[in-house]
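Going down the list, the protein sequences come from chains A and B. Using the numbering used here, you'd call the opening residue of the first sequence number 18 and step up by one each time. Using the numbering used here, you'd call the opening residue of the second sequence number 25 and step up by one each time.
Do not take every clue at face value.
In silico DMTMM-like pairs for lysine to aspartate or glutamate, Cα to Cα no more than 25 Å straight-line [stated by the list, open to error]:
| hint | chain 1 | residue 1 | chain 2 | residue 2 |
| --- | --- | --- | --- | --- |
| 1 | A | Lys35 | B | Asp64 |
| 2 | A | Lys322 | B | Glu98 |
| 3 | A | Lys452 | B | Glu75 |
Don't read these hints as lab results, they were simulated from the structure.
Residues per chain are reported as follows:
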Amino acid sequence: MIQSNSDVPISEVGRASKTILLKQDVLILGGGFSGLSVAESLARGGIHVTIVEQGNRLGGRASTGRLCGDRARKANQLGTITAWLEKSGNVTILTQAELVDLQGHFGSFRAKVRKNDGQTVEITPAIIVAATGYQTLRETQGIPETAAGIIYLPEMGKLIDETSGEKLFLEGQHLSAVTFFLDAVNDDIKFDAVNVLEQAIDLVERFTCRVFVICRDLKVSFDGGERLYRKAREAGVLFFKHDVPPDFHLENGRLSISLPDATFVNDEDQQEITLASDVIVLPETCLPGAKIDKLASILRIPLGKGGYLMEDNPQFLRIRSARRGIYVTGACRFPQDLSETRREAEAAAQEIISLLLPGTYDCGPVFAEVDAKKCALCYTCPRLCPHSAITIEKYAEHNIYRILNSGDESMQNAARVEPAACYGCGVCVAECPAKAITLHGESTLFNFN
Amino acid sequence: MFNPKIVAFCCEQSGIPAAEMSRAMQLGPALKSAPSLNLDIRPVPCAGRVETVHLLTALEQGADGVLIFACHEENCQYRRGNIRAKSRLLYAKTLLERIGMEKERLEICNLATNSGVKFSEVVTEKVEQLRKLGPNKFSQLSSEVGKE
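Work the whole structure out from these sequences, hints included.
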């Protein structure tokens, strides 16, 4: 059996060189499905939560549009969660408010939140969760409109839910043939496929439509995805793959779609097929939220692929950011199906609860320390630190670079590494031009007696 | 039976999760009739934290073998730490050659977060290999020197 030096878990070797106190207080940015899920888990765990929501009510997109997977159930769930949170004594809700400044580090954050009326509130959480969601864009991609027009997935979902008869009408037109066109946008997002499959099945079974799905790859790597696809196929939904975008034009008032039949292996054998459709359903293009650049710079975490907030390691607790104590959950990290968002939210809550419940955090085993006397304020280390653990603060009693008789101040500015935020990587130690930074705890790691 | 002492520098992004997974899955030579494993795991934020001198110090102070567990090349979160670790390890091997110690006592293994099985396989193989090579004679030498 793998053993570490003692019965201590492997990654805890040599800790407890410096300890900080932790309050059971978390700040959650964003009151959508993701933020509310984290808030509920934390509040039930006895931790005080402050939710800062930019809009005027909680719920986000999930409470208005029809999103995905088991839609009715998820929408009801959100109502119950919101109601519970509003009554809970452990929860403070600030609507029409946004984060404007953040100082401090894990365990000692100082967040400034500004409300729409201009008032600012200072919140001092131990941990921050970014759950600010995403935004969507509607692009017709040059497709001509029939009389029924072009409809987007959320509206089609709503139309299906609200129609009780046996036929489906849009803009007064009876829809007998419906085409879903996927993958021209959002090529790495899965929840379009969930929506399309569920809606396609409804259209065939309830309204006897002919349904065509045109996609590049059908992403069924979600719970029940393969079964849903099989159900759609068995119901008679026809799927067509495309490599190049199909040709769209209007013919006799209907939309005519031409594409090569990709079921033939050889390109030469591929005949062109033409589909006639009354309406085309498109997914909304997913984009990072409008203010995400500003948020990333306030939180001092990087943006990743696609412009979303970057997770620390996508394979491994992808809810962590580059900074200890700041978590990223939900669509602001990457837009995904609500069931995955829920799981991520629970993972974040679990990790936060296990960090906060002991009441203290043991820094280390290895962390950097700046010798403030030698710091020349060259700003190299705050810029280089991959974990944003270094800030310039007024705490040095002496500094060899202080100009004599230059207006005496009791404390000097110098770079300071927050031990609770430091990962012990050693980048600052290596790069400091004055060799003013040392790594504590090295001996615990590299001593083999 | 000789139980080789192995020091394993494990990258926190890949080696440590793999080691914890291996422990949770209860893999390892401990399951067979062999005596329990003498494996000393040292977590580092990145394999690039490990310097040549650390590898040699470990051997000097009694390890029979030293392993580095790093992320796959191109996957390093600090960009090239795993590549630096590899070149330092190769340099250390040339030094071992010059002093007459077996190069096989040092090894680097690239794995990912989910590689619990690979972790235990590499450790098991290394234990077998070190059993055949025998204990690290140089560590006994240094303790002799210290006694003078």
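Verification of the supplied hints:
1. At most 25 Å may separate the alpha-carbon atoms for a hinted pair to count; A:Lys35 and B:Asp64 meet this at roughly 23 Å.
2. Under the criterion of a C-alpha separation no larger than 25 Å, the hint pairing A:Lys322 with B:Glu98 is consistent with the structure, at around 16 Å.
3. Restraint check: the Cα-Cα separation between A:Lys452 and B:Glu75 comes to about 18 Å, which is no more than 25 Å; the hinted pair holds.
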